[in-house]
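There are 2 protein chains.
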Amino acid sequence: MKSIITISREFGSGGRSIGRLVAEKLGYRFYDRELVEKVSAESGFSPEFIEESGEYASAKSGLLFSLATAGQYENGGMSMHDRLYAIQSKVIEDLAAEGNCVIVGRCADFLLRDYKDCLHVFIYADMEHRAKRIVERYGEKDKSPRKRLEEKDQKRKVYYKNYTGRNWGEAHNYSLCLDSGILGIETCADLIVAACK
Amino acid sequence: MKSIITISREFGSGGRSIGRLVAEKLGYRFYDRELVEKVSAESGFSPEFIEESGEYASAKSGLLFSLATAGQYENGGMSMHDRLYAIQSKVIEDLAAEGNCVIVGRCADFLLRDYKDCLHVFIYADMEHRAKRIVERYGEKDKSPRKRLEEKDQKRKVYYKNYTGRNWGEAHNYSLCLDSGILGIETCADLIVAACK
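Each protein sequence line maps, in turn, to chains A and B. According to the working numbering, the stretch in the first sequence is residues 1 to 197, in order. According to the working numbering, the stretch in the second sequence is residues 1 to 197, in order.
Because the hints were derived from the structure by calculation, they are not lab data. Please note that the accuracy of each hint is not assured.
[Claimed, not checked] Simulated coverage check for chain B against chain A, where a stretch passes if three residues somewhere in it have a Cβ under 8 Å from a Cβ of chain A:
#: 1; stretch: 144-156
#: 2; stretch: 178-189
[Said to hold, decoys possible] Pair ranges (Cβ atoms, derived):
#: 3; chain 1: A; residue 1: D126; chain 2: B; residue 2: E128; range: 29 to 35 Å
#: 4; chain 1: A; residue 1: K147; chain 2: B; residue 2: A41; range: 33 to 39 Å
#: 5; chain 1: A; residue 1: G165; chain 2: B; residue 2: H172; range: 53 to 59 Å
#: 6; chain 1: B; residue 1: R29; chain 2: A; residue 2: E140; range: 43 to 49 Å
#: 7; chain 1: A; residue 1: G99; chain 2: B; residue 2: E42; range: 52 to 58 Å
#: 8; chain 1: A; residue 1: A194; chain 2: B; residue 2: M80; range: 27 to 33 Å
#: 9; chain 1: A; residue 1: E24; chain 2: B; residue 2: G139; range: 25 to 31 Å
#: 10; chain 1: A; residue 1: E140; chain 2: B; residue 2: E37; range: 53 to 59 Å
#: 11; chain 1: B; residue 1: G139; chain 2: A; residue 2: D94; range: 57 to 63 Å
#: 12; chain 1: B; residue 1: G139; chain 2: A; residue 2: E170; range: 45 to 51 Å
Quick reminder that beta carbons are idealized off the backbone N, C-alpha and C, glycines included.
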């Protein structure tokens, strides 16, 4: 029985809902917003800053990202983003040490890659399913759902590459990868629970 | 209930054994060697040629592959490899039309990508698990297991890219992706059956 489950997910794929369901089914703690709050308490950064900068690159490309963050150094030569990443990493490792939890996002798959007791899951779906879901959950905005998703995807991909050196969404980084658009939220949760046992 | 399951797999990951188990559990037909025999009957190519050329590029890189096959044209301007691909594709589409089957490899995931009634699965494992498995099944050879796997991976990747335009092993091409090294052969089969329902 795996005692830690990390869930990496594409924006709009329902990964967070799946994570919550899995935690309920297994009686595990669920860390998503609670993780943000812990990081906020440790770092002094606002939850909004952590939500926005703890998973997304601050510009659209790796090069722009490096240039854009290059000026933001504080004492000790660390950028604010690097400091956030370091604190977030420590919080995730502390949670993992306690076990029996589901952790959503924030490169937890990479941070806990050598933990034997860990199941790493990736949740994704095609553009159509995700667009429908974000409009249902977050409403219409000025930008088209497709444009919003493409921007989020790109920023998360750059963030992930920047901090882990890996390519986002490569099957090899996970124990199982599930298309929530094809399989549905409930089935994804059931498969993760089954895989865990 | 999905009536067609395609299984794409890394060499040495046990994808074929998983496919056979899934077919047994669901009472579906299993097409792996039987597929080779059907293609052989339709094309006149030997089973050995189909085994070797129906999933693997004939040289180590895309460019070399194009150059190497450029001279092998027959009547009608098709290379032997392209002709094999065309016949293999037709056989796979005919099998899919009958339904209730598991098809292993041979770009079936791509050929049947628009079939609603289809579950596309990718099976993979890390180098260590696969190396152990190929030595157990195929014995020691002159080349190290790692070298053998790297060559097979590279040839399959090039073949797949050449005929589908897609990148091999990208989660988005599949409904679910399973690490057989982490999850084990039996669990993978059970998860596929559960996902299918």
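Hints versus structure:
1. 144-156: violated (count 0)
2. 178-189: It holds: at least three residues are needed, and the stretch 178-189 of chain B offers 5 whose Cβ sits within less than 8 Å of chain A.
3. A:D126 / B:E128: 29 to 35 Å: 33 Å, holds
4. A:K147 / B:A41: 33 to 39 Å: 51 Å Cβ-Cβ, so the 33 to 39 Å window is violated.
5. A:G165 / B:H172: 53 to 59 Å: With a Cβ separation near 21 Å, G165 (chain A) and H172 (chain B) fall outside 53 to 59 Å, so the hint is violated.
6. B:R29 / A:E140: 43 to 49 Å: 47 Å, holds
7. A:G99 / B:E42: 52 to 58 Å: 55 Å Cβ-Cβ, so the 52 to 58 Å window holds.
8. A:A194 / B:M80: 27 to 33 Å: 44 Å, violated
9. A:E24 / B:G139: 25 to 31 Å: 48 Å, violated
10. A:E140 / B:E37: 53 to 59 Å: Taking Cβ atoms as reference, E140 (chain A) and E37 (chain B) lie about 55 Å apart, which means the hint holds.
11. B:G139 / A:D94: 57 to 63 Å: 47 Å, violated
12. B:G139 / A:E170: 45 to 51 Å: 31 Å, violated
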